[in-house]
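Visitor: Please model the complete structure; the sequences and the hints are all you need to start from.
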Amino acid sequence: MPILAPIGRVFLAFLEATGRLGRFAITGVSHCARPPFFPRLIGHQMVEIGYYSLPVVGLTAIFTGMVLALQSYTGFARFNAESAIAAVVVLSITRELGPVLAGLMVAGRIGAAMAAEIGTMRVTEQIDALTTLSTNPFKYLVAPRLIAGTLMLPCLVVVADIIGVFGGYLISVYKLGFNPNTYLKLTWDFLEPLDVISGLVKASVFGFLVALMGCYHGYHSKGGAQGVGLATTNAVVSASILILAFNYIITTLFFGT
Amino acid sequence: MTIGTPKIALRNLHKRFGEKRVLTGVDMDVAAGESIVVIGGSGSGKSVLIKNIMGLLQPDEGSIRIDGEEVVGMGTSERERVMRKFGMLFQGAGLFDSLPVWENVAFGLIQAQGMARDEAKTIAHEKMAQVGLGEEIGVLSPAELSGGMKKRVGLARAIAMEPEIIFFDEPTTGLDPIMGDIINELIIDCVKELGATALTITHDMASARKIGDRIAMLFGGKIIWDGPVAEIERANNPYVEQFINGLAEGPIEAATA
Numbered sequence: 000m001p002i003l004a005p006i007g008r009v010f011l012a013f014l015e016a017t018g019r020l021g022r023f024a025i026t027g028v029s030h031c032a033r034p035p036f037f038p039r040l041i042g043h044q045m046v047e048i049g050y051y052s053l054p055v056v057g058l059t060a061i062f063t064g065m066v067l068a069l070q071s072y073t074g075f076a077r078f079n080a081e082s083a084i085a086a087v088v089v090l091s092i093t094r095e096l097g098p099v100l101a102g103l104m105v106a107g108r109i110g111a112a113m114a115a116e117i118g119t120m121r122v123t124e125q126i127d128a129l130t131t132l133s134t135n136p137f138k139y140l141v142a143p144r145l146i147a148g149t150l151m152l153p154c155l156v157v158v159a160d161i162i163g164v165f166g167g168y169l170i171s172v173y174k175l176g177f178n179p180n181t182y183l184k185l186t187w188d189f190l191e192p193l194d195v196i197s198g199l200v201k202a203s204v205f206g207f208l209v210a211l212m213g214c215y216h217g218y219h220s221k222g223g224a225q226g227v228g229l230a231t232t233n234a235v236v237s238a239s240i241l242i243l244a245f246n247y248i249i250t251t252l253f254f255g256t
Numbered sequence: 000m001t002i003g004t005p006k007i008a009l010r011n012l013h014k015r016f017g018e019k020r021v022l023t024g025v026d027m028d029v030a031a032g033e034s035i036v037v038i039g040g041s042g043s044g045k046s047v048l049i050k051n052i053m054g055l056l057q058p059d060e061g062s063i064r065i066d067g068e069e070v071v072g073m074g075t076s077e078r079e080r081v082m083r084k085f086g087m088l089f090q091g092a093g094l095f096d097s098l099p100v101w102e103n104v105a106f107g108l109i110q111a112q113g114m115a116r117d118e119a120k121t122i123a124h125e126k127m128a129q130v131g132l133g134e135e136i137g138v139l140s141p142a143e144l145s146g147g148m149k150k151r152v153g154l155a156r157a158i159a160m161e162p163e164i165i166f167f168d169e170p171t172t173g174l175d176p177i178m179g180d181i182i183n184e185l186i187i188d189c190v191k192e193l194g195a196t197a198l199t200i201t202h203d204m205a206s207a208r209k210i211g212d213r214i215a216m217l218f219g220g221k222i223i224w225d226g227p228v229a230e231i232e233r234a235n236n237p238y239v240e241q242f243i244n245g246l247a248e249g250p251i252e253a254a255t256a
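Chains as they are written, first to last, in numbering that gives the first Met the number 0: chain F, 0 to 256; chain G, 0 to 256.
Worth flagging that the hints you see were computed from the coordinates, not collected in a lab. Note that the structure is predicted; figures quoted are calculated from it, not measured. A hint or two may mislead.
[Unchecked claim] Subject to a maximum C-alpha distance of 30 Å in a straight line, what follows is the list of computed DSSO-like cross-link-like pairs (lysine-lysine):
#, chain 1, residue 1, chain 2, residue 2
1, F, LYS221, G, LYS19
2, G, LYS221, F, LYS221
3, G, LYS191, F, LYS221
4, F, LYS221, G, LYS50
Guide: Structural data, given as structure tokens:
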């Protein structure tokens, strides 16, 4: 059956890629736990991911909060349910939009940079040079990025949550005429610890995925400038898709019945 | 050929990438303290040969012995122990562009041997002096260096850990003839001073004649000629003759070379 052969080939290629990625991830994680550690490199990556992503994540969050308040007002005003705006804003931000949007922005900013940096190191033989200097590239390049990504994205999301809620507050109070105290009280009343916690767990997983994709595609890039470009694209696209897929999975685990 | 265990012994080494057979049974012995140069056209598998010996690539078949110890199929930690005997000068120098020059030279000392940074810096400056670089170069970034300077830094880094075996990947490629000769001189001096075994791959015959005690020619995935430098003119092998005289006409077809 000639029609089955191509299907099989695609399926086998998929399995092979998944296996390769899985092995890469396991090797990377195992090196996170085994000494020697590189605190300087971890610190450097944490600043790079956490601190320098603040502006872009903050801007994304504030506009998202603002537009959420505005859009939900348009809908809820028809049913005289304006008081639900605070709840919609805070729940959407903490549970979904904070982690997902921060994850996507960081994928674009950090995942791409990681793939480009490691990819360039690969094609200019710097990774081979690491190995010849008795330094494991997984330990030196991959582990610090995985650790920093997993730890820093939750921090970014805490900031994004606060700024996002503040964005909703701004619109509700100054444009839609809510009482500031009532709005804040409603926000606080609706919010439960699990909403924030689930968001932070997501953030941590997304941070890991972004770093993993950046490292994986960079590490396996080949063929000069074009290869590095391709690695960068693949890192961002695959990280984005994985973020959305894992967002669904984690939501199901937390809230699915 | 000296008596005793060869420093490097290759037997029936095979390596292919997909359908492309690059090495098809390489046999070679390198005695301790000897400087051997492997010549061959672009794409003849010289780099693949070196990377197999260093363990950056795994051969498909065959045996590689370093000091009589089989390294094919060795575990990671064993491999790292053997790797400490190696130093390598990469074709594009392979310097870490995120680190200043002195840290490049001191990298192995700091990361692999756990030496204190100050102490490593002193040694780095010594090694840099040995290749004709002043301390003021140490603070520069590799991106600020010319091609010849990069090679010098790469050489200083390769000898910093005082390896027993040094690999040189096209040491003169991309340099003007005078700078090429300076690098050749430095290589000879450094190898002599360390008493190291050297394996150089090149297609620059002037460099090969100068650096090598012995020359081996790789063609079609095999060593087709192997002998002392002085004898290569009388090799009586049409492939070698065509190569060392740089002729377009001959048994080696340009398309495959």
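Visitor: Run the distance test for G:LYS191 versus F:LYS221: straight-line Cα separation, threshold 30 Å.
Guide: 36 Å, violated
Visitor: Take the C-alpha atoms of G:LYS221 and F:LYS221, compute the straight-line distance between them, and say whether it is at most 30 Å.
Guide: 26 Å, holds
Visitor: Does the alpha-carbon distance linking F:LYS221 and G:LYS50 stay inside the 30 Å limit?
Guide: Cα-Cα ~16 Å, so holds.
Visitor: Please verify whether F:LYS221 and G:LYS19 have alpha carbons no more than 30 Å apart.
Guide: 17 Å, holds
The structure fails to meet hint 3 from the earlier list, while all remaining hints are met.
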